[in-house]
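Novice: Mind docking chain B on chain A? Use the hints.
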Amino acid sequence: MKKRSFPTRVEGVSKLTGKSKYIDDLKFPNMLHGVSVRSSVPRGKIKGVSFKPGIDWEKFTIVRASDIPGKNVIQVILDDQPCLASSHISHPGEVVLLLAGEDREEVLKARDYVELDIEASPGIFSIEDSLAKKEVVWGSDNIFKEYTITKGDVAKGISAGSQVIEGSYSTGAQEQLYIENHGVIAHASDDGSITVWGSLQCPYYVQQALREVFSLPPEKVRVVQTETGGGFGGKEDYPSIISSHAALLSYKSKRPVKMIYSRAEDMEVTTKRHPSMSHIKMAVDKKGKITGLDFEFFLDGGAYATLSSVVLSRGTIHAAGPYNIENVRVHSKAVATNHPPFGAFRGFGAPQSIFALERHMDVVAKKLGIDPVEFRKINVLKIGDTTATGQSIAEEPGYHELFSTVDELMDFSEKSKSFAIQNKKNPIVKKGIGLACFFHGAGFTGSGESYLASIVGLEATRDGQVVVKASSTEIGQGANTIFSQVASSALGISEQSVIVARPDTSNVPNSGPTVASRTTMVVGDLLEKAGSSLVSTLRTTGFLGEVYTEREFFEASGKYIDQFGSLKSYVQYKQPPGIKWDEENYQGDAYATYAWAVYAAEVSVNTLTYETKVDDFVAIQEVGHVMHPTLAEGQIEGGVAQGVGYALSEKVVWEEGLMKNSQMTNYIMHTSADVPDIRVYFEEKNQNYGPKGAKGIGELPMDGPAPAIINAVQNALGSAPHFIPMLPEDLMEFMEASSES
Amino acid sequence: MSHKEEFTLKINGETKVFLAHPMERLLDTIRSDENLTGTKEGCGEGECGACSVLVNGKLVNSCLIPISQVASSEIETIEGVANSESLAPIQKSFLENGGAQCGFCTPGMVLAAISLLRDNPAPNLEEVKTALSGNLCRCTGYKKIFESTLICSQMEDQQ
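Going down the list, the protein sequences come from chains A and B.
For the first sequence, our numbering gives the first residue as 30, with consecutive numbering after it.
For the second sequence, our numbering gives the first residue as 196, with consecutive numbering after it.
Bound-form chain A, shown alone (with noise of 0.2 Å):
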């Protein structure tokens, strides 16, 4: 057994007992239960709606548009998509109507009693026919976003090498599947204000959209996280609908309502990782050397804006790899479909370029007739190089130790060899090994940190406690353990003496969302702050000594509460020194730091059943300082196997813009039964940024897996796809396409 000086989860007591609770664990007296009436056509004008007979129409609240008290609008960065459709429908599953009513088996009757006349006009599903405008269905082009980061001079780059080797990818959605579905709890008191309860990610985004939909300023709209059963990024921006539709029903009825979504429901219509396409151009030397990328990068946004355009910046920023490319040029759109809106998933852009590109490196590594392994040495970033936005690069990635710990813990380049020999004696099942080599940019984006300008508090309480306050979600990746750990190494006193406030807006301050694998990086380090601030408080009065025990500390912090009422400190973000960044051109310090890893996997392909099983699986990064391995283990565990069902299983089958297999049954993630063993280390080289030198994590996992285990297929098999998801199916089609060229 391994000995742990760790800390457990803050909250495992209450969720191993049963005890936690979560939204749907939740009655409040008179409560209703509301549901959604969707359109089922992708896009259309609406004409007219009807409530058939055969229901007591008296007995249930119903709201429109036009019971919109503010704005009819969700907003997120623009302000394009409405929180009712009222004249037209957009995509499959849009809301125009909601019902609420005592029993929610009668609402969910009485929803299929109403009838929606739509005249349906042609939709568009696919990023070609967006780019061709076939119709257009989003402004004047279709084109939500566009970005072109410029390094060098690609034309010259190109010219430059002696092969240029080009080729397309591309990725399907994905759905976060989280086990709890989306639902909230919203009330509208007398007093005009409005609170929702609820599984979300990021309380402030929902407080900011139930502003605009009722006109209110922030100390009317209060918003409290529940224990949230997952999110990984699916609760960033869906929250701000589903709660802006119970509070409209509760504003209406008076009542509090609450909303849970079906698993159908759930899939069909909330966000999933945009689908992506990707051309790229590689020239390289007779050296290996790459001399010049050029990548046009796509992603599917679905009917709206929402936060397509910043997940298409990190894709297009993570695009050319850690790679140290001297001319490069990365073109990228983001285009409207008539599919429901594509949003936040962990990774958030980056595994869709990621993939095109670490697959791209296998396939010119092939064509070039060099070992992949070596192509990527002869390339990749050290410190002092420069990436595509021209960041030079301040701590040494130290890929080649990378590269050497794979080579040890899994004999990677004799097996890539000595495969293509056993694979000969064997007609059905060919083994191969493939990795990938990539890095994650921790925090916002850009100047996105400064913008945020995150607040995180503590404050000691008589009864000798120290509060954490945050808006920053503990959704199973572990915030809560990793603030108490943060606040009372910084404090001098026990995790136990240690509590973190649940997130609610009339509480605590705004941290930030709850994304982008900032909470423990650039939160916990405010939060480090704000503690080394307390104590300096505590010392400048002369309550506290230079060295102190806990007993010391909070008699301390008594004196001053008495004295001076209070004990806090807050701490606000304030940029580090040195990092510059230009939004219009896209060039500088796109993110304060990385992490840079290499992951691998062993793969069986069985060439009669077309199925791959991963054999083995390997993720090695330098992530900083490890605050809580177990934590931290089961962030890249957790994540290697999202990747894992990204790559081989997770289909999500479209018709007309809708989700046809919305059922836990036919869209496939692992079970227990199916995922492979996977092998988890870390470096903990770098230690510049974050609380201790903690770099972000929690994105990371997602970025290696597809490209990874599909590169080993490669070399299983001389060729694979250039398409994830890879179901047998589609590798039956693939290889047998194959065979006839």
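Among the clues, some could well be false.
[As the list claims (entries may be wrong)] Keeping only pairs whose Cα atoms sit at most 27 Å apart, straight-line, the calculated DSSO-like set for lysine-lysine is:
hint, chain 1, residue 1, chain 2, residue 2
1, A, Lys50, B, Lys211
2, B, Lys199, A, Lys56
3, A, Lys162, A, Lys180
4, B, Lys199, A, Lys88
5, A, Lys411, A, Lys315
6, A, Lys56, B, Lys324
7, A, Lys460, A, Lys180
8, A, Lys88, A, Lys76
9, B, Lys199, A, Lys48
10, A, Lys444, A, Lys315
11, B, Lys205, A, Lys50
12, B, Lys199, A, Lys460
13, A, Lys48, A, Lys76
14, A, Lys642, B, Lys324
15, A, Lys396, A, Lys318
16, B, Lys199, A, Lys138
17, B, Lys253, A, Lys48
18, A, Lys315, A, Lys446
19, A, Lys396, A, Lys446
20, A, Lys453, A, Lys395
21, A, Lys310, A, Lys249
22, A, Lys558, A, Lys180
23, A, Lys48, B, Lys211
24, A, Lys56, A, Lys283
25, A, Lys138, B, Lys324
26, A, Lys100, A, Lys185
If you are wondering where the hints come from, they were derived from the structure by calculation, not from laboratory data.
Specialist: Chain B alone, transformed into the frame defined by chain A:
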């Protein structure tokens, strides 16, 4: 669901009488009638296992079982696993080994592990993987759940 009948169930050792429609889901009896909200609903169609409980010692998805089918049975939910003083060994092992993250699949997962360890006190990894395969977890990638279960099986005071 207007027609109602009386059903007697023993839940976590206590005998309870319910007036319910024969087709009422056991999940609703547990969550709504009995207010034992540790048992979760994740999909409502027997795929995710978040609603797992033990009926006469057997692991079932309570979203698929009508109350009439389990009349007079003994039901164990997550609330009955720990005693008031301390966690059961399996809960302690999940806590110490990172077996729970968001916690939503956790009650069902713990009951699935209990069910396995009662039948097979010293399972190997493959047996653990198979026994837990009806319970989906999106957070952990399962590895820490396997470790939690195996380490518990090696503890002396395992029940």
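Novice: Would the hint linking A:Lys444 and A:Lys315 be met if the CA-CA limit is 27 Å?
Specialist: holds, 26 Å
Novice: Compare the distance between the alpha carbons of A:Lys48 and A:Lys76 with 27 Å, and conclude whether the hinted pair is satisfied.
Specialist: Violated. A:Lys48 to A:Lys76 sits at ~48 Å, over the 27 Å cutoff.
Novice: Holds or violated: B:Lys199 and A:Lys56, Cα atoms, limit 27 Å.
Specialist: holds, 23 Å
Novice: Does A:Lys411 pair with A:Lys315 here, judged by a C-alpha cut-off of 27 Å?
Specialist: This hinted pair holds, its Cα atoms lying about 21 Å apart.
Novice: Measure nothing beyond the straight line between the CA atoms of A:Lys162 and A:Lys180; if it is 27 Å or shorter, mark the hint as holding.
Specialist: Violated: A:Lys162 and A:Lys180 sit about 30 Å apart, past 27 Å.
Novice: Does A:Lys446 sit within 27 Å of A:Lys315, going by the straight-line distance between their CA atoms?
Specialist: Holds. A:Lys315 to A:Lys446 sits at ~23 Å (cutoff 27 Å).
Novice: Do the alpha carbons of A:Lys453 and A:Lys395 lie within 27 Å of each other, as the hint requires?
Specialist: Given pair A:Lys453, A:Lys395 holds - Cα atoms ~19 Å apart, limit 27 Å.
Novice: Take a quick look at whether B:Lys199 and A:Lys48 sit within 27 Å of each other, Cα to Cα.
Specialist: The hint is violated at about 30 Å.
Novice: Hinted pair, alpha-carbon criterion (27 Å max): A:Lys396, A:Lys318. Please report holds or violated.
Specialist: With a Cα-Cα distance of about 14 Å, the restraint between A:Lys396 and A:Lys318 holds, given a limit of 27 Å.
Novice: Is the straight-line distance between the alpha-carbon of A:Lys56 and that of B:Lys324 27 Å or less?
Specialist: Distance ~36 Å between A:Lys56 and B:Lys324 Cα, so the pair is violated.
Novice: Between the alpha carbons of A:Lys138 and B:Lys324, is the straight-line distance 27 Å or under?
Specialist: violated, 40 Å
Novice: B:Lys205 and A:Lys50 were given as a pair; does the straight-line alpha-carbon distance stay at or below 27 Å?
Specialist: holds, 24 Å
Checked against the numbered hints listed earlier, the structure breaks hints 3, 6, 7, 9, 12, 13, 21, 22, 25, 26; every other hint is satisfied.
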